[in-house]
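Asker: Please assemble the complex out of the two chains, which come individually in their own frames, going by the hints.
Chains as they are written, first to last, in my numbering: chain A, 398 to 1017; chain B, 39 to 157.
Calculated from the structure, these hints are not laboratory results.
Being a predicted model, the structure only gives us computed values, none of them experimental.
Incorrect hints may appear among the rest.
[As the list claims (entries may be wrong)] Label pairs and their computed distance ranges (CB to CB):
{"hint": "1", "chain 1": "A", "residue 1": "939", "chain 2": "B", "residue 2": "122", "range": "15 to 23 Å"}
{"hint": "2", "chain 1": "B", "residue 1": "95", "chain 2": "A", "residue 2": "737", "range": "34 to 42 Å"}
{"hint": "3", "chain 1": "A", "residue 1": "841", "chain 2": "B", "residue 2": "150", "range": "16 to 24 Å"}
{"hint": "4", "chain 1": "B", "residue 1": "124", "chain 2": "A", "residue 2": "978", "range": "39 to 47 Å"}
{"hint": "5", "chain 1": "A", "residue 1": "486", "chain 2": "B", "residue 2": "104", "range": "52 to 60 Å"}
{"hint": "6", "chain 1": "B", "residue 1": "124", "chain 2": "A", "residue 2": "965", "range": "24 to 32 Å"}
{"hint": "7", "chain 1": "A", "residue 1": "733", "chain 2": "B", "residue 2": "111", "range": "56 to 64 Å"}
{"hint": "8", "chain 1": "A", "residue 1": "627", "chain 2": "B", "residue 2": "150", "range": "45 to 53 Å"}
{"hint": "9", "chain 1": "B", "residue 1": "95", "chain 2": "A", "residue 2": "842", "range": "26 to 34 Å"}
{"hint": "10", "chain 1": "B", "residue 1": "119", "chain 2": "A", "residue 2": "559", "range": "33 to 41 Å"}
[As the list claims (entries may be wrong)] A few chain B positions that, by computed beta-carbon distances, are all more than 12 Å from chain A:
{"hint": "11", "residue": "68"}
{"hint": "12", "residue": "70"}
{"hint": "13", "residue": "79"}
{"hint": "14", "residue": "107"}
{"hint": "15", "residue": "149"}
C-beta atoms are modelled at their ideal positions from N, C-alpha and C, and glycine is treated no differently.
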Amino acid sequence: MSLAATKAVAADKAPAKAAVPAKPQTAGDYEAPAQTTEVNSGKIGGDFMVDCLKSLNVDYVASCPGSTFRGLQESIINYGMNSKPEFITGIHEEASVAMAHGYAKIAGKPMATMVHGVVGLQHSSMAIYNCFCDQAPAIVMAGNVGNGTQRRPGVEWAHSAHDQGIIVRDYVKWDDQANNLQDFAEGLVRAYDLATMSPMGPVMVVIDADQQEEVLEPGRKLFIPKLRARTQPVADPGALAEAAKLLVAAENPVIVSGRYTRTDAGPKRLVQLAELLQAAVVDERNRMNMPSRHPLNHSQRGAAMIRQADVVLALEPMDLYGTLNNVDDRIGRPSQPKIRPGTKVIVIGTTDLNIKSNMGEYERYQQADMGIAGDAENSLPWLIQAIEQEMTPARKSVAAARGQKLKAAGAKLILAADEQAAYAWDATPISTARTSAEVWNQIKNEDWTMASEVNFLSNWPYRLWSMEKHYHSMGGSVGGGVGYNAPAALGAALANKEHGRITVALNGDGDLMMSPGVLWTAAHHRIPILYIVHNNRAWHQEYMHVQRMANRNQRGIDRAWIGTTMHDPNIDFANLAKSMGVYAQGPIDHPADLGPAIQRAIAVVKRGEPALIDVVSQPR
Amino acid sequence: MFARVLSCSVAVFFGLAMVSAPASAQDTPRGNAANGKKLFETIGCFECHGYAGEGGNAGPKLIDPPAYPAFIVQLRTPRNVMPPFTAKVLTDQQAADIYAYISTFPKGPDARNIPLLQN
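Excised from the complex, chain B in its bound form (with noise of 0.2 Å):
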């Protein structure tokens, strides 16, 4: 499917290894970003979010993502149009691997750097 086009950038530059969210360490489970990577590339999550995490009109930005607790609630209970991810479709485990991966999401460069940008 269109998930392999993706670039490797994002998962080369991060070796996808065991990554830990970096918020509410005590509250945030080991999650594995190569696992979350396959995850969020065919259950949807890039639909909305993009490939990079970037957002867009159909999801907000997952770069920089919310403390895992309030990550895993909207995941289960969203409050706005997300569709929701129950424990049948997703396990915990699932949810924290999709979690490590989107915490690799590179902010990208300061748009103050960008020459397209400052028109």
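One chain only, chain A, in its complex shape (with noise of 0.2 Å):
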């Protein structure tokens, strides 16, 4: 029956109008009204979509609500019973997808996170974009009201576009904005393909309102294509085979490693080659690479490694001219190599398979004598199976007699390590190296990962921790956006929720304020995570910087904390994370209290929720 017809039939039967009822209104006095609004009983296109979804094994999509996707969330959360995937909510579309990229790197797998039409898209670009630089996988599902005539005036053409993709463009790997539900669903599966491919990324799929909210009709055939059964690709073996013979020769090859680790077999394999090499590892702690407390882990004193060095060999680097060169932060930024001249440099890795042309995250162009492409953790069984062929008893004695030297040197870089914590070790604010080692007091003989970037805290845990997993830590947001830590860490935590797995994140202040929803995501959805604030009161890292302008001209040099701390009032964490449901103590500032508190929250923790422990901190 059309609308019009309705209505005529509504007409017919509409009682004649009464001055006054006789009695009280109940629900039989009248005929229903016109219907004004066509309901549905049976499939709309947001369920085709939640099919698309699961035939993926997507488990989650994280999502602050926007009426662009209002049916395929429906659709999420009444069609699929909101499980696999099961709607988290956030509070900011940044943090959704922040927690994406923390999600990947633990769980292996992306996760789908749901964003409002061009604003929301536009809300979560800098976690799109650190997603990018850092090679994490994520889904994003962007709403759009793609036809004109069907959007209401006002907003919902402010929240639509004819290319939403180009918002992100220049940072996401493949982006789709489909035509119809069947090019929806082979678009999200190239989308996952490419995603999870090596170097993986973010990958941008618009989901229209119209398809969203279409009735499907009965017998309307629509195919979901089945994922490929995904390889990464291995390096070519003519290539490994000359790197082995390289690598063999050297009196003094050194390994580093950047995004190398992507499955439990990074580290194994990468202690396998450094040990028949007998190499030092310079990790650049993009991923858990190398365990921290094996003796030919030289990462605290990597200069020194790579000016020795006659070979480097780098795995999947994030920044190798960062690596091989020194550059100032002086006037005219001056540069020079640290690796000695013939030196030769080996790099594996898929970085270069997916440049983009406007961002620099690719960083400065290293010259090297062999650029292999490859996913270096698949192809390094066959470098050591190259190298075993390579190694001949003369070689091996020196390797042998290479790695007692460095055998002896890690274990006084452990030594030194432990002496340096303890000089501020009874100090207020506290020390990053204390607060560092009473976590990891906590949390030793459990099943845990630590889920945040910490070079803040001057790396402290990785000099202090044992670090063997490759879930034991999982890099930065490479990105450098802030705000990244405490969502990302968010997202390694629910990863990890199936795993009976703690979750530790050291977050910055600054970061956390970026972001501080983030806490009522954690406790609505019970997620069991420990966030330690470390609370020096400031960006002390634009503090540093502030500081080296006011000195090079020499105007002044007691003022750069205007603009670049967060004092008067200072931010109350343990309040701010009990007003949203967190348990929380704080603000500690004496060495003494930390331990107990610590212990305290790892107890809510295991209990399934989520605690914070505020820590006044020194600077670094």
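Answerer: Printed below as a string of structure tokens:
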């Protein structure tokens, strides 16, 4: 029945107007008013989209609600019964995508996010950029009302675009704006496939509102393509054999590892390679690559190792130029190579397979003797095999002697770390070394992940903790978009939930203030995580930058705190967390109080809930 | 500013009296450690070296500092990425005050006696 006919029938049956009802109105007094809205009894496009997500085994969709994806949201919670994928309520689109960033690095697969048309996508763009820079897969689905004649007047126009992809095209691996549901299915599967192929990265697909709300006629034929069983590219065997010759013949081979580890095989293979060569490893810590206390892990004296090297093997390096050169932050930015003339450089990686022009995340071009395209983790068994074939008893003997020296130097590194950690052991504000040691003391016998970047804590966890498993750490944002840590750590905790693993984030105060709403998400979804707020009451990196400018210009050196600090008033992170339902303690500024506080918080986390401790900290 | 939250533990322990540097006494001007503390916490020293002089990945430790002549050379014309503190923004007396203050930094307990560092 047409809408006009429905109205006519309803008008015929309408009761005659009465001045005042003789008795209170009840439900049976009147016929139903004319239908002004269609109702559906069948399947809609959003349901099919849920089928697509299920076919890809997507467990979670993080999202802050927006009307341009209301159809799919309703399908997730009612048709899909909010299970695989489960809707995770984010407080900001940037946090939703950052959660996906951290989740992928621990789960080893992407989760999805939904963002509102145009505005939500722009909110999320910073986190998408971080994913791109860090080569982390994420599925971003952006709502849109593509057909202008179907848009409500006003804001719906502002939330729609002809080409949403252009907003993020510089830093996604691929984007798609489907014309129909079949097109969507193929686009989503392709997007997932591309996102998870090395070098991994975020993808964006537009979810059109008409397609989401479209009623599927019975018998309509739609199909979901089967996801290809993906293998990662392996390097050319001939090139690996040539690299093996160089490495075996080297007197001081050094291995540099960047975004190398993808799976639990990563650290094991790297240890095997390093021990075979008895070579020092300089871990750039973009992933959990080399066990932190392995005697061949010489990351803490990486520059010295690079200077001694005659062959450098770089595995998925993030910034090889920066690793092999000094660029001083002085006027003129003088630079000089760390490596000696004649040092051979071999690169194995996939980064160059997905270079975009505009953003500079690919870093300065570093010349090398061999550039071997291939996923490093997947290629290592073949390199190891080639080295074993190349290794002679004489070279084994050279390697063994080298290894003895490195082992002795490695032991000294550990002792030096302990000695330096003791310097400000009892100081207030609490030293970052003390905080790291106190946390380690509470989690060392648990199954755990350290889910934050800790360069702003002088990398103490890498120096004091024993990190061995591929999920013990996961690197940082790489893009440097502040506001990554807190939500990315929560994403990691979401991935760890099914394993009963404790997730710890040593989280900067400036970072947390970018997306404090993640605390509510953690509480609402009962995601166990321990946030230790590294509260130095400043954006300390910027504090130092402004100080540098002040000293350079000699116009006053005591005002660099203006615009770079967060005091007056001090932020009360414990009460901030409590206001969102998170167990919290602090501010803690006496070192002796820290251990017991962490112990109490860990007990909360073990119950499956989030906890936060506000630690008033030394700057670094 | 944040410097206000600095513990008084170091200051109280050493009393912040006029302290002479421990080495090369004839080359070391007398400095006012109390004034040095104020300067240390307002002109950026703590940013890289920490309030307790413990150092970190942004700057080396200042506990057990080098002799004053080496200190003043590094302060005025740093060899590394440390920003220069020229005489235009920091007088020789102020430099001496800072040196007097950092000379009071305790080394901290022996790591071998800290159970948490025996892992």
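Asker: Now, for every hint given, state plainly whether the structure supports it.
Answerer: The hints, checked one at a time:
A hinted range of 15 to 23 Å holds for the C-beta pair residue 939 (chain A) and residue 122 (chain B), which are about 20 Å apart. Taking 34 to 42 Å as the suggested C-beta distance range, the pair residue 95 (chain B) and residue 737 (chain A) does not conform, at roughly 25 Å. Between residue 841 (chain A) and residue 150 (chain B), the C-beta spacing of about 19 Å keeps the proposed range 16 to 24 Å intact. For the hinted restraint 39 to 47 Å between residue 124 (chain B) and residue 978 (chain A), the CB-CB distance of approximately 52 Å leaves it violated.
Our hint of 52 to 60 Å for residue 486 (chain A) and residue 104 (chain B) holds, since their Cβ atoms are close to 56 Å apart. Between residue 124 (chain B) and residue 965 (chain A) the C-beta distance comes to about 30 Å, which sits within the given range of 24 to 32 Å. Distance hint check for residue 733 (chain A) and residue 111 (chain B): the Cβ-Cβ separation is about 22 Å, which falls outside the suggested range of 56 to 64 Å. Taking 45 to 53 Å as the suggested C-beta distance range, the pair residue 627 (chain A) and residue 150 (chain B) conforms, at roughly 51 Å.
Checked against the hint of 26 to 34 Å, the pair residue 95 (chain B) and residue 842 (chain A) passes, with Cβ atoms roughly 28 Å apart. Between residue 119 (chain B) and residue 559 (chain A) the Cβ separation comes to about 48 Å, which falls outside the hinted range of 33 to 41 Å. The beta carbon of residue 68 (chain B) sits about 23 Å from the closest Cβ of chain A, which is more than 12 Å, so the claim that it is off the interface holds. Remark: the non-interface label on residue 70 (chain B) is consistent with the geometry, its nearest Cβ contact in chain A lying 17 Å away (cut-off 12 Å).
Not every CB of chain A lies more than 12 Å from the CB of residue 79 (chain B), the least distance being 10 Å, so the non-interface label is violated. At the 12 Å boundary, the C-beta of residue 107 (chain B) stays outside the reach of chain A, the nearest C-beta of that chain being 21 Å off. The claim that residue 149 (chain B) lies off the interface is violated: its Cβ sits roughly 4 Å from the closest Cβ of chain A, which falls inside the 12 Å cut-off.
Consistency with the previously given hints fails for numbers 2, 4, 7, 10, 13 and 15, ordered from lowest to highest.
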